[in-house]
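Chemist: Take a look at the letters that make up each chain.
Protein chains: 2
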Amino acid sequence: MNHTQEVVSLILAGDVRTAARLMRDLDDGAAGAREILKEIYRHSGRAHIIGITGSPGVGKSTLTDRLIQYLRQEGKTVGVVCVDPTSPFSGGAILGDRIRMQRHALDEGVFIRSLATRGHFGGLTASARAVITVLDAMGKDYILVETVGVGQDEVEIAATAYTTLVVTVPGMGDDIQAIKAGILEVADILVVNKADRDGASRTYQELMQMLELRTLRKDRSWKPPVLMTQAKDHLGIEELMAAVKEHREFLAQDGGQALQRARASRVRQEFLELLKEGIFRHLLAQMAADGRLERIIDDILAKRSDPYSASEDLVLSILGPVEPSA
Amino acid sequence: MNHTQEVVSLILAGDVRTAARLMRDLDDGAAGAREILKEIYRHSGRAHIIGITGSPGVGKSTLTDRLIQYLRQEGKTVGVVCVDPTSPFSGGAILGDRIRMQRHALDEGVFIRSLATRGHFGGLTASARAVITVLDAMGKDYILVETVGVGQDEVEIAATAYTTLVVTVPGMGDDIQAIKAGILEVADILVVNKADRDGASRTYQELMQMLELRTLRKDRSWKPPVLMTQAKDHLGIEELMAAVKEHREFLAQDGGQALQRARASRVRQEFLELLKEGIFRHLLAQMAADGRLERIIDDILAKRSDPYSASEDLVLSILGPVEPSA
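Heads up: the protein sequence lines correspond to chains A and D, in order.
With my numbering as the guide, the letters of the first sequence map in order to residues 918 to 1243.
With my numbering as the guide, the letters of the second sequence map in order to residues 918 to 1243.
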């Protein structure tokens, strides 16, 4: 058995240290790491991926913590990917939270990986997907993907989960607006956390109204429920997990057509992200090697060209025109 | 004079309505808009671009508002680009702020453009750069670029300004950490806003220490000053603008070598962002037209391939290997 095969076997057996090393190697662009990822990719696709997104301060990480606890009590194994600079999982929140999270570090059934900066893949999204693939291949039953709903990329990572939770809190009029602006449409389940706060029922009403008004992107036959939680006090977690399972069953019904669509959508996004980054990097390496890049920059600085014309001309010279299908 | 020439002339003359229409057209990908952008690009490069970034809640938009006021009192014209979902300029903050900002809407010398979602260019960064080009060609003396320092893209937009302000507030230990994590290195000037709060002098000390410890990316001969402001109370704004002007003079000294470097760095980033997006879009259009994309997705779903191998193979087949320079 060669080294790659050995690492693949260990990952598939759920070995924590091997997985952690692979994730680091992937971020560093270490030789061979990508080959291992290719091998284990074919063994992924079994975990139920749950996206958790929302503005900073809505309590996403406490909610994530409670979901981990709940799933562990059920005997499920859990992987966590955190792309949220405000989360204690990423070391971004107050010290107390961070310490609280660390108890899971002693639990072999939980694997937490935080992503704060771009790794070798060039984007947080691609790094997050690679980590999800590793956790999935490790055999985790559930993968929780916590992302802060600020940047569009972060929202997209959560949105390509099989079940996406959008978390808000009462009394943040702006939050509702932010949700209006695009986050709502990726929600499979809406969560009003900190539901003991004033205005919880109004927030609930507003969300219900919005849901009535708009058709949803992902699958129109699923009507997202709105759930109230108080994650800090462990309230509403069971009901939330029941909704997650209901959504999972919804995806699996009718021979799993909805799940197949969700999977195809994940694969498409994953491939296109890798292609976008990959073709750009390769081209950049070529242009740096043959001096084309410096010539173009000089031309633009001397106003002999502009970035728009220069990039268009280059693309056309490489790819040729787009031919309509026959 | 054809339509393009007419629009170009109006933009160069600073016509607000034409500029606003062009920005909308650019976002929508309207025919001809990009051609106009190419024309006016060659007339850009005169404005002093100031980036303003920092975590949500540090008062970036109040500071921006005060800088606008200050520059207008000096008789300077100002363009503002806002890529910050938490800013009142983007309609993201509380109503009072938003109304306060609108007074500038009546001032012909100020042009404010908010970007909340990706336009035709495919990325907020590219959209922001296009807006900056239009404002620059309009003849604005200063362009303020307000971005929330959460995502790496947002930080980068601000970082490619000629003078980048990184704003923080006292007593946010995490904020300092966030700055440590990468924002500090893009700062030409550090601002401790809300300096009447407890802990302001400690924050000041901490920032000074950090500055001592690290060499700075942009230009090592410039040592970023740390300034205290209370933007809400109009305190420290004059001193801040004095520091901005000092940095501008620094860039212009010795025949403007530092400014030339900053310009080349802007152009390089701008070109590469357009190239990255452009080559991907073009390839995607080709692959959709000839059915390649669906075949690849099917192969991955059937586990005959994986996204990593599929994207690598495709890139290599299009671009060929990277040849080392002769």
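Errors might be hidden in some of the hints.
[Claimed, not checked] With a straight-line cut-off of 20 Å between C-alpha atoms, the simulated EDC-like cross-links for lysine to aspartate or glutamate are: (1) A:LYS955 x D:ASP1216; (2) A:LYS1220 x D:ASP1053; (3) D:LYS955 x A:GLU1229; (4) D:LYS1220 x A:GLU1156; (5) A:LYS1220 x D:GLU952; (6) A:LYS955 x D:GLU991; (7) A:LYS1220 x D:GLU956; (8) D:LYS1140 x D:ASP1113; (9) A:LYS955 x D:ASP1215; (10) D:LYS955 x A:GLU991; (11) D:LYS955 x D:ASP942; (12) D:LYS1220 x A:GLU1155; (13) D:LYS1162 x D:GLU991; (14) A:LYS993 x A:GLU1155; (15) D:LYS1220 x A:GLU1229; (16) A:LYS1140 x A:GLU1156; (17) A:LYS993 x A:GLU1229; (18) D:LYS1140 x D:GLU1123; (19) A:LYS955 x D:GLU1229.
[Stated by the list, open to error] What the simulated footprint calls covered on chain D by chain A, stretch by stretch (three residues with Cβ under 8 Å from a Cβ of chain A suffice, anywhere in the stretch; the number is not a length): (20) 929-938; (21) 1184-1198; (22) 1217-1223.
[Said to hold, decoys possible] Every beta carbon over 12 Å from chain D, so not counted as near; a handful from chain A, in silico: (23) GLN990; (24) ASP1171; (25) ALA1206.
No lab work stands behind these hints, which were simulated from the structure alone.
Everything numeric in this text was worked out from a predicted model, so none of it was measured.
Even for Gly, the Cβ is constructed at its ideal location relative to N, Cα and C.
Chemist: Was GLN990 (chain A) rightly flagged as not at the interface, with every chain D Cβ beyond 12 Å?
Modeler: holds (31 Å)
Chemist: Was ALA1206 (chain A) rightly flagged as not at the interface, with every chain D Cβ beyond 12 Å?
Modeler: violated (5 Å)
Chemist: Check the hint pairing LYS955 (chain D) with GLU991 (chain A) against an upper bound of 20 Å on the C-alpha distance.
Modeler: Between LYS955 (chain D) and GLU991 (chain A) the Cα gap is close to 60 Å, so the pair fails against 20 Å, i.e. violated.
Chemist: Does the structure keep LYS1220 (chain D) and GLU1156 (chain A) at a Cα separation of 20 Å or less?
Modeler: Not satisfied, since the Cα-Cα distance of roughly 36 Å exceeds 20 Å.
Chemist: Would the hint linking LYS955 (chain A) and ASP1215 (chain D) be met if the CA-CA limit is 20 Å?
Modeler: holds (16 Å)
Chemist: If I take the minimum Cβ distance from ASP1171 (chain A) to any residue of chain D, is it greater than 12 Å?
Modeler: Non-interface label stands for ASP1171 (chain A): nearest chain D Cβ at 18 Å, farther than 12 Å.
Chemist: Check whether the Cα positions of LYS993 (chain A) and GLU1229 (chain A) lie no farther apart than 20 Å.
Modeler: Not satisfied, since the Cα-Cα distance of roughly 51 Å exceeds 20 Å.
Chemist: Take a quick look at whether LYS1140 (chain A) and GLU1156 (chain A) sit within 20 Å of each other, Cα to Cα.
Modeler: holds (16 Å)
Chemist: Okay, the region 929-938 of chain D and chain A, do three or more residues pass the C-beta test at under 8 Å?
Modeler: Three-residue rule not met by the region 929-938 of chain D, so violated; n is 0.
Chemist: Compare the distance between the alpha carbons of LYS1220 (chain A) and GLU952 (chain D) with 20 Å, and conclude whether the hinted pair is satisfied.
Modeler: holds (15 Å)
Chemist: Measure nothing beyond the straight line between the CA atoms of LYS993 (chain A) and GLU1155 (chain A); if it is 20 Å or shorter, mark the hint as holding.
Modeler: The hint holds at about 14 Å.
Chemist: Does LYS1140 (chain D) pair with ASP1113 (chain D) here, judged by a C-alpha cut-off of 20 Å?
Modeler: Since the Cα atoms of LYS1140 (chain D) and ASP1113 (chain D) sit roughly 25 Å apart, the hinted pair is violated (cutoff 20 Å).
Consistency note: the structure conflicts with the earlier hints numbered 4, 6, 8, 10, 12, 15, 17, 20 and 25.
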